[in-house]
Amino acid sequence: MADPAQTPVLTLRLEDINSTLCRHCAQCCNVKISVHNVDSRLRQYYRKIGMDVQPPISEGAEDCCGEPHDVTIDFGECIHLKKEGNCYECDIYDERPILCKDFNCVAWALVNNAYNEKNVLLMKVQSIKNNL
Numbered sequence: 001m002a003d004p005a006q007t008p009v010l011t012l013r014l015e016d017i018n019s020t021l022c023r024h025c026a027q028c029c030n031v032k033i034s035v036h037n038v039d040s041r042l043r044q045y046y047r048k049i050g051m052d053v054q055p056p057i058s059e060g061a062e063d064c065c066g067e068p069h070d071v072t073i074d075f076g077e078c079i080h081l082k083k084e085g086n087c088y089e090c091d092i093y094d095e096r097p098i099l100c101k102d103f104n105c106v107a108w109a110l111v112n113n114a115y116n117e118k119n120v121l122l123m124k125v126q127s128i129k130n131n132l
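Here the sequence shown stands for residues 1 to 132, numbered as in this note's numbering.
Fair warning: there could be bad hints in the mix.
Said to hold, decoys possible - Keeping only pairs whose Cα atoms sit at most 27 Å apart, straight-line, the calculated DSSO-like set for lysine-lysine is: (1) K48 to K101; (2) K101 to K129; (3) K83 to K129.
Since the hints were derived computationally from the structure, they do not count as laboratory data.
Input sequences plus hints: build the corresponding full structure.
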C-alpha cells in the first residue's frame with residue numbers, strides 16, 4: 001500500500017500551469033485518444049499496423065474479447081517533443097497548433113469534471129510541481 005505521506009495532495013490551480021512547469025512535465029505531449037464502440041476486427045487491425053491499443057490482449061490471443069467496447073490508442077510522445085537535460089522542448093514551439101498553445105491540464109480537467117486524485121495526468125503534474 002502507498003505511504004499516504006508520499007502521496008501528493010491535488011492542489012494545482014489554473015495559474016500553476018506555466019512554462020516552467022510545462023517544460024519539466026510535457027505529459028500533454030503524450031498523444032492518446034479514446035475511440036468508442038470499437039469492434040474486435042478493428043482493434044486487431046489497429047494492433048496489426050502497430051498501434052498501442054488498450055486494453056491489451058492476452059498472450060497468444062488475437063484480441064481482448066469479441067465484443068465492441070471503448071479503447072484508448074496510445075501514440076506515445078509527439079514527434080516534435082525533445083528532451084533537453086531535465087526539461088522538454090518543442091521543435092515547432094513558435095508554430096505549434098492552437099490546441100497546444102491553449103492547453104491547460106487543470107482547465108481541461110475542470111471542464112471535464114475530472115479534477116480529482118484519480119486523474120493520473122494531474123497527479124503526475126502535481127508531483128512534478130512539488131519537486132520543482
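Do the hints match the structure? See the list:
1. K48 to K101: violated (33 Å)
2. K101 to K129: It holds: about 20 Å lies between the C-alpha atoms, which stays within 27 Å.
3. K83 to K129: holds (18 Å)
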